Structures are given as C-alpha cells and as structure tokens.
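Those protein sequence lines, which keep their order, are chains H and F.
The first sequence begins at 1 in our numbering and counts up by one.
The second sequence begins at 352 in our numbering and counts up by one.
Each hint should be verified, as a subset may be incorrect.
If you want the footprint, here are the derived chain F segments under chain H, 3+ residues with CB under 8 Å [claimed, not checked]:
no.: 1; stretch: 358 to 366
no.: 2; stretch: 410 to 424
One-sided excerpt, in silico: chain H residues whose CB lies under 8 Å from chain F [unchecked claim]:
no.: 3; residue: THR8
no.: 4; residue: ALA12
no.: 5; residue: TYR13
no.: 6; residue: SER16
no.: 7; residue: ARG17
no.: 8; residue: LYS21
no.: 9; residue: HIS92
no.: 10; residue: GLY231
No more than 27 Å apart at the CA atoms, straight line, and that leaves these computed lysine-lysine pairs for DSSO-like [claimed, not checked]:
no.: 11; chain 1: H; residue 1: LYS19; chain 2: F; residue 2: LYS402
no.: 12; chain 1: F; residue 1: LYS383; chain 2: H; residue 2: LYS156
no.: 13; chain 1: H; residue 1: LYS134; chain 2: H; residue 2: LYS108
no.: 14; chain 1: H; residue 1: LYS22; chain 2: H; residue 2: LYS223
no.: 15; chain 1: F; residue 1: LYS402; chain 2: H; residue 2: LYS22
no.: 16; chain 1: F; residue 1: LYS383; chain 2: H; residue 2: LYS19
no.: 17; chain 1: H; residue 1: LYS185; chain 2: H; residue 2: LYS27
no.: 18; chain 1: H; residue 1: LYS27; chain 2: F; residue 2: LYS402
no.: 19; chain 1: H; residue 1: LYS21; chain 2: F; residue 2: LYS402
no.: 20; chain 1: H; residue 1: LYS22; chain 2: H; residue 2: LYS294
no.: 21; chain 1: F; residue 1: LYS383; chain 2: H; residue 2: LYS21
To be clear, the hints were calculated from the coordinates, so they are not data collected in a lab.
These numbers were taken from a predicted model, which means no experiment stands behind them.
A virtual CB, placed ideally from N, CA and C, is assigned to each residue, including glycine.
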Amino acid sequence: MFSRSGRTGNYAYTVSRVKAKKGLLLKDEDYNKMLQMAVPEVSRYISESGYQKEMSELAGRIEGIDLVEHATYANMAKVFSSILQASQGELHTMVAAYLEKWDIWNLKVILRGKSYGLSVDEVREDLVPAGSLKSEDLEKLMGIENVDDILANYSKMVHVQIPQDVMNAYKANGNLGEIEDYLDKFHWTRLLKSINPSSRPTRMFQDYVRMEIDVINLETILKLKAEGIYGEQVMKYIIPGGKDITPKVATQLANAETFAAASSDLQQLEFYDIIKDIVESDNVTVREVVTEMKKYEIAEANKFSHMYPLSVCPILDYMIHKEIEVGNIRTIARGIESGLNTETIKGLLVI
Amino acid sequence: MAMEGDVGAGLVAIGAGLAVGLAGIGSGMAEKDIGAAAVGAITEDMSLFGKALMFTVLPETIVIFGLVISILCIFVM
Numbered sequence: 001m002f003s004r005s006g007r008t009g010n011y012a013y014t015v016s017r018v019k020a021k022k023g024l025l026l027k028d029e030d031y032n033k034m035l036q037m038a039v040p041e042v043s044r045y046i047s048e049s050g051y052q053k054e055m056s057e058l059a060g061r062i063e064g065i066d067l068v069e070h071a072t073y074a075n076m077a078k079v080f081s082s083i084l085q086a087s088q089g090e091l092h093t094m095v096a097a098y099l100e101k102w103d104i105w106n107l108k109v110i111l112r113g114k115s116y117g118l119s120v121d122e123v124r125e126d127l128v129p130a131g132s133l134k135s136e137d138l139e140k141l142m143g144i145e146n147v148d149d150i151l152a153n154y155s156k157m158v159h160v161q162i163p164q165d166v167m168n169a170y171k172a173n174g175n176l177g178e179i180e181d182y183l184d185k186f187h188w189t190r191l192l193k194s195i196n197p198s199s200r201p202t203r204m205f206q207d208y209v210r211m212e213i214d215v216i217n218l219e220t221i222l223k224l225k226a227e228g229i230y231g232e233q234v235m236k237y238i239i240p241g242g243k244d245i246t247p248k249v250a251t252q253l254a255n256a257e258t259f260a261a262a263s264s265d266l267q268q269l270e271f272y273d274i275i276k277d278i279v280e281s282d283n284v285t286v287r288e289v290v291t292e293m294k295k296y297e298i299a300e301a302n303k304f305s306h307m308y309p310l311s312v313c314p315i316l317d318y319m320i321h322k323e324i325e326v327g328n329i330r331t332i333a334r335g336i337e338s339g340l341n342t343e344t345i346k347g348l349l350v351i
Numbered sequence: 352m353a354m355e356g357d358v359g360a361g362l363v364a365i366g367a368g369l370a371v372g373l374a375g376i377g378s379g380m381a382e383k384d385i386g387a388a389a390v391g392a393i394t395e396d397m398s399l400f401g402k403a404l405m406f407t408v409l410p411e412t413i414v415i416f417g418l419v420i421s422i423l424c425i426f427v428m
C-alpha cells in the first residue's frame, strides 16, 4: 500500500503534469486558422502557442519551413524527455519503452548520415532526443565514424543485442535496412514485454500498442502491394504481436495480389469499417488509409484517457496527441509551401 | 474501585488517541496523491499554486473531525 508511489509509479504527479501540458495543445480551430496563413505566419502563430523557446533558439540559424520542422521536433523532444524524467517505477519503464522508438529514429539518422557522408552538425539537426538516450549519448555516437562501432556502443547503451546474421547481411550488401528492420521489431517486442497486463489500464495500453502494430503492418502490406510486392517478401517486414493482424491474417493479406483481392481478408479486421470506403473505392492511396487509421487511433486514445485518471492511459493519450500535433503542423507548413489547396491539406490532417 | 476508574480513563484516552491518530493516517494517505498532483500542476503552471494548496489541505478537515471526537472523549465522557 505505502510502496505504491515508488514501485508502481508516481501516477498522480506525472498525470497532473501531462494534463496541464494537454491544455496547451492546438485545437481544431487553430488548425483552421493556420490553413489560411503563409509559412512565416504559421511560424509566428506556433511561437505564440507553446513553441516560442525552440523557435527563438533556432531562428538565428535556420528559417522558413526548416525552422518550423526543427522547432516542432525540438519541442516534442523536450516535452517527452520531461515526462520520462518525471515518471518513476513501473510507469517510467512503460514510458521509456514507448519512447524507445525515438532512440531508434536517432540511431537511424546517425547511421544514414554517416553512410551519406553528412557532417556532425547536419546529422544533429535531424535528431529528436525524446527517448532514453540523452544528447550526450547521441553526441558520443555521432563522434564515432565506423558503423560497427556505432552499433556496438548503441547496443551497450540500450541493452540490445543485434544478431550476427543481421550484421552479416549488412556487411554483405552494405544495406542498413536489415539492421533497421531488426531494431524496429525488437522495439515493439520489448515494448509489449514491458507492459504488465495485471490491471485494466495496462491491458488497455497493451491493446493500444498491439493496434499500433496492426496499423504499421497494414501500412507496410499496402505500400508493398502498391509496388507489386507480395507473398513471403512482405512477411519478412511484418512486426509480430499485432491484435487483429495475426500471422495467419498477415499471410492472407500479403498473398493477395491486389487491393481488391485483399478486400475480403481486410473485412476480418476490427477497424475495417473505418477504411471500408477508401479500400472499396477505385482510387486507393496508402496515405488516405494511414490518415484514417491515425484518426481511429486518436479516437481510441481519447476514449481511454478519461477512464482511468491515475494510470498510464492519460500519459499515453497526451504523447499520441503531441506527436500528431507536430505531424499536423509540419503537414500544414509543407502543404502551404508546396502550394496545395486548403481542402487537400485539411484532408491530410489528423484531427 | 479505584482500579476500575483508572481502566475507564485509560480506555477513554486510548479512544481519544485513536480518533486523532487514525484520522491523521487517513488524511495523510489522501493527501499523498493530491500533494503529488498539486506539485505536478504547479511545476507546469505557477499560477495554480493557490488552488493546488487548497486541494492539498482539504483532507486536513478529517483530522479536525478526529480532534473534535477526541476532545469530546476526554472532556465530556
């Protein structure tokens, strides 16, 4: 009873911080206003909406669309790090496991940067230190020239063992894809393992993560199908642990040669109703399916955030909303920069 | 006879102590999460200090009830 705060997590403290942060997120009407603006106006608008510090810090070095993109990522990294630092016990374990995807993102940026011969400053611009790895750890990784040494150091920092056959495959063809795919699969597996489904909120968190895996797998299958790739080649990219897309369903979907052929298999999925209209239309785009799935995810997160106030659910809900907000700001800025019309950009937003 | 009076007075004193003590433990347990949440809210927005303080001390009223009971025990019984 008395060890609750220390061992299982300081839910009251972390949730109240997160609730206060959630009040600062952009609303639907903010997006509508931003859609009518030019990029410099968008920059000014977000400066007044919680991104001021990052915008001011970066304004001397970069401008325009790059400033918006970097400032939003820098802000998200700061916010996620503060949540991670604030949490304790079991809660910290779950949040750290969820945010590990940003460690993998950073490792990918560093590896790709090194393989394309980018300078340390150029690589640093694209880092999002929102995970367990601090800026000092990332600086250390960036300071290493050799990919093998970077991976060896990363493995020690986050306690991951990259199998020898994956390393051999990389050494044979110089393709980082094998390593990246392994790390992604490892992240989702470790995240699922880190959640103890002993209570209703943690079970809901686990279900949500499994649904996220489904969305990623569906996106992979549809993207590869659009490129004319199917069967076993698709299956090697499938992340295990999905809720609706079990290995059997994944195999059925992967083996279907076209969208139309996959339609009957897709009907087995719980979220089929959400994407039904898009999938059944003649002109299916993966982007539209993914946007609808993201909207579904956010609706699910909204549902469970209010059910258990002193649990991981409101924290997860906030992190999802924050990530989507950053994605929306970047979509608006990029859309305006590219000259897309308002309705098209609006269709790409996850609101 | 004197022994009986001593036992009675002792039990009243124990009752009075328990009334304050248990009420104190109860309100302490209630304040634990409220206090943590209040500090979290203040960390994000300093202007919430007044409201947060109000909510933190709210369970203290339970101790006052306990204190009233113990006073009644000692002076009325």
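Hint-by-hint comparison with the structure:
1. Counting residues of the stretch 358 to 366 of chain F whose CB lies closer than 8 Å to any CB of chain H gives 0, so the stated coverage by that chain is violated, three being the minimum.
2. By the rule of at least three residues with a Cβ nearer than 8 Å to a Cβ of chain H, the coverage given for the stretch 410 to 424 of chain F is violated, with 0 such residues.
3. For THR8(H), the interface hint is violated, since its Cβ never comes within 8 Å of a Cβ in chain F; the closest pair sits about 12 Å apart.
4. At its closest, the beta carbon of ALA12(H) sits 4 Å from a beta carbon of chain F; the interface hint therefore holds under the 8 Å criterion.
5. A hinted interface residue such as TYR13(H) counts as satisfied when its beta carbon comes closer than 8 Å to some beta carbon of chain F; here the least separation is about 4 Å, so the hint holds.
6. Look at SER16(H): its Cβ gets to within about 4 Å of chain F, closer than 8 Å, so that hint holds up.
7. About 4 Å separates the beta-carbon of ARG17(H) from the nearest beta-carbon of chain F, less than 8 Å, and the hint is met.
8. The restraint placing LYS21(H) at the interface with chain F holds, with a minimum CB-CB distance near 6 Å, inside the 8 Å limit.
9. Taking 8 Å as the C-beta cut-off, the interface hint given for HIS92(H) is violated, the closest approach to chain F being about 15 Å.
10. Against a cut-off of 8 Å between C-beta atoms, the interface hint on GLY231(H) is violated, since the closest Cβ of chain F lies about 51 Å away.
11. With a C-alpha separation of about 15 Å, the suggested pair LYS19(H) and LYS402(F) falls inside the 27 Å cut-off, and the hint holds.
12. Restraint check for LYS383(F) and LYS156(H): the C-alpha separation of about 38 Å exceeds 27 Å, so the hint is violated.
13. About 16 Å separates the Cα atoms of LYS134(H) and LYS108(H), which keeps this hinted pair within 27 Å; it holds.
14. Of the pairs offered as hints, the one joining LYS22(H) and LYS223(H) is violated, with about 33 Å between alpha carbons and a cut-off of 27 Å exceeded.
15. Between LYS402(F) and LYS22(H) the CA atoms are separated by roughly 19 Å; this keeps the pair inside 27 Å, and the hint holds.
16. A threshold of 27 Å between alpha carbons decides the hint, and for LYS383(F) with LYS19(H) the separation of about 18 Å falls inside it, so the pair holds.
17. Between LYS185(H) and LYS27(H) the alpha-carbon distance is near 34 Å, which puts this suggested pair outside the 27 Å criterion.
18. For the given pair, LYS27(H) sits about 25 Å from LYS402(F) by alpha-carbon distance, which is consistent with the 27 Å threshold.
19. Taking the CA atoms of LYS21(H) and LYS402(F), the gap is near 17 Å; set against the 27 Å cutoff, the hint holds.
20. Restraint check: the Cα-Cα separation between LYS22(H) and LYS294(H) comes to about 19 Å, which is no more than 27 Å; the hinted pair holds.
21. A C-alpha spacing of about 22 Å is found between LYS383(F) and LYS21(H), which places the hinted pair at or below 27 Å, so the restraint holds.
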